[in-house]
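**Student:** Sequence:
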Amino acid sequence: MADRSAWWRAVLVVVMSVPAVAFAQAMYRCGATYQDRPCNGADSKPVGSHVRQAAGQSTGAASIDPVCAARGTAAQKLMWEKESGRTLDEQLAQPGVDAGLARNVYGRRGSSLEVRRAIEADCLKDMAQANEAAALLRAAGRVPQPGATGNQPVLPAGSVAGASSAAVQPSADDGVARKAAAKAANCATLAGELSELNQAQRAGGDLARMDVLAARVRDTQSRKKAAGC
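Anchor point for the sequence shown: position 102 equals 101 in numbering that gives the first Met the number 0, and the numbering is continuous, going up by one each time.
Heads up, a few of these hints could be off.
[As the list claims (entries may be wrong)] With a cut-off of at most 16 Å between alpha-carbon atoms, the simulated EDC-like pairs for lysine to aspartate or glutamate come out as follows: (1) Lys124 / Asp64; (2) Lys223 / Glu195; (3) Lys178 / Asp125; (4) Lys76 / Glu113; (5) Lys182 / Asp125; (6) Lys81 / Asp97; (7) Lys182 / Glu131; (8) Lys81 / Glu113; (9) Lys81 / Asp64; (10) Lys178 / Glu131; (11) Lys76 / Asp97.
It is worth saying that the hints were derived from the structure and are not from the lab.
Let's have the full structure, built from the sequences with the hints guiding it.
**Tutor:** Okay, here's the thing in structure tokens:
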């Protein structure tokens with residue numbers, strides 16, 4: 000409790016030290032993008048509904064992994080596009096778009112800030128699972144293989160074979176661990192998407208929505224199978 004009280008006092012100090020104008024800063028929609036300043040050579044459209052959210056985005060940002068923070072920012076921008084009326088198909092047609100993230104965002108409900116925080120939380124959970132899988136693999140690499148004898152021959156000090164074996168084995172184990180960690184993270188992400196889609200199907204909707212959800216479920220299941228999950 001003492002730590003939590005100290006944290007809130009620190010937050011209040013930071014908030015009170017920020018000029019009031021920072022909280023009045025608006026976001027401007029310039030075509031298909033959003034920015035914190037008026038558009039150049041075009042009519043500026045302030046997006047009033049996002050002013051308070053833009054001011055509160057940095058809360059707790061210092062404690063978030065940079066990769067997950069970037070993913071959360073991308074998710075929030077996708078939500079802004081969704082709120083402005085852009086469809087999922089239009090998003091997927093954009094070059095360089097993260098299709099998995101776009102599908103994830105469009106399958107969620109809530110404000111853009113709520114979706115951002117949820118995506119960041121999922122990212123942190125996936126990273127924790129990947130790190131745990133890598134740790135288990137590293138631990139398994141130190142367990143004697145079946146059939147190995149208890150008395151292994153000891154190579155002379157300075158032996159070339161012993162030196163090369165010691166140098167090659169850790170790098171090989173690390174490579175396997177990295178691949179397994181990446182696979183675990185990908186499988187966790189796909190499992191999360193599938194769970195959200197199943198929840199959306201249970202919530203119901205019109206015929207067109209249910210058809211879209213069914214197609215996305217089939218696509219996610221295919222990607223899971225292809226990834227070996």
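**Student:** Look at each hint and say if it fits the structure.
**Tutor:** Comparing the hints with the structure gives:
The hinted pair formed by Lys124 and Asp64 meets the criterion: a straight-line CA distance of about 11 Å does not exceed 16 Å. For the suggested pair Lys223 and Glu195, the alpha carbons sit about 15 Å apart, so the restraint of at most 16 Å is met. Note on Lys178 and Asp125: the hinted pairing holds, with a Cα-Cα distance of about 15 Å set against a maximum of 16 Å. Using a Cα cut-off of 16 Å, the hinted pair Lys76 and Glu113 holds, with the two alpha carbons roughly 12 Å apart.
A hinted pair counts as satisfied when its Cα atoms are at most 16 Å apart, and Lys182 with Asp125 qualifies at roughly 11 Å. A distance of roughly 15 Å separates the Cα atoms of Lys81 and Asp97; the hinted pair therefore holds under the 16 Å criterion. Pair hint Lys182 plus Glu131 holds up; C-alpha atoms about 12 Å apart against a cutoff of 16 Å. For the suggested pair Lys81 and Glu113, the alpha carbons sit about 14 Å apart, so the restraint of at most 16 Å is met.
Under the criterion of a C-alpha separation no larger than 16 Å, the hint pairing Lys81 with Asp64 is inconsistent with the structure, at around 26 Å. With a C-alpha separation of about 13 Å, the suggested pairing of Lys178 with Glu131 holds against the 16 Å cut-off. As the CA atoms of Lys76 and Asp97 are separated by approximately 12 Å, the hinted pair is consistent with the 16 Å bound.
In summary, the structure is inconsistent with hint 9 from the numbered list given earlier, while agreeing with all the others.
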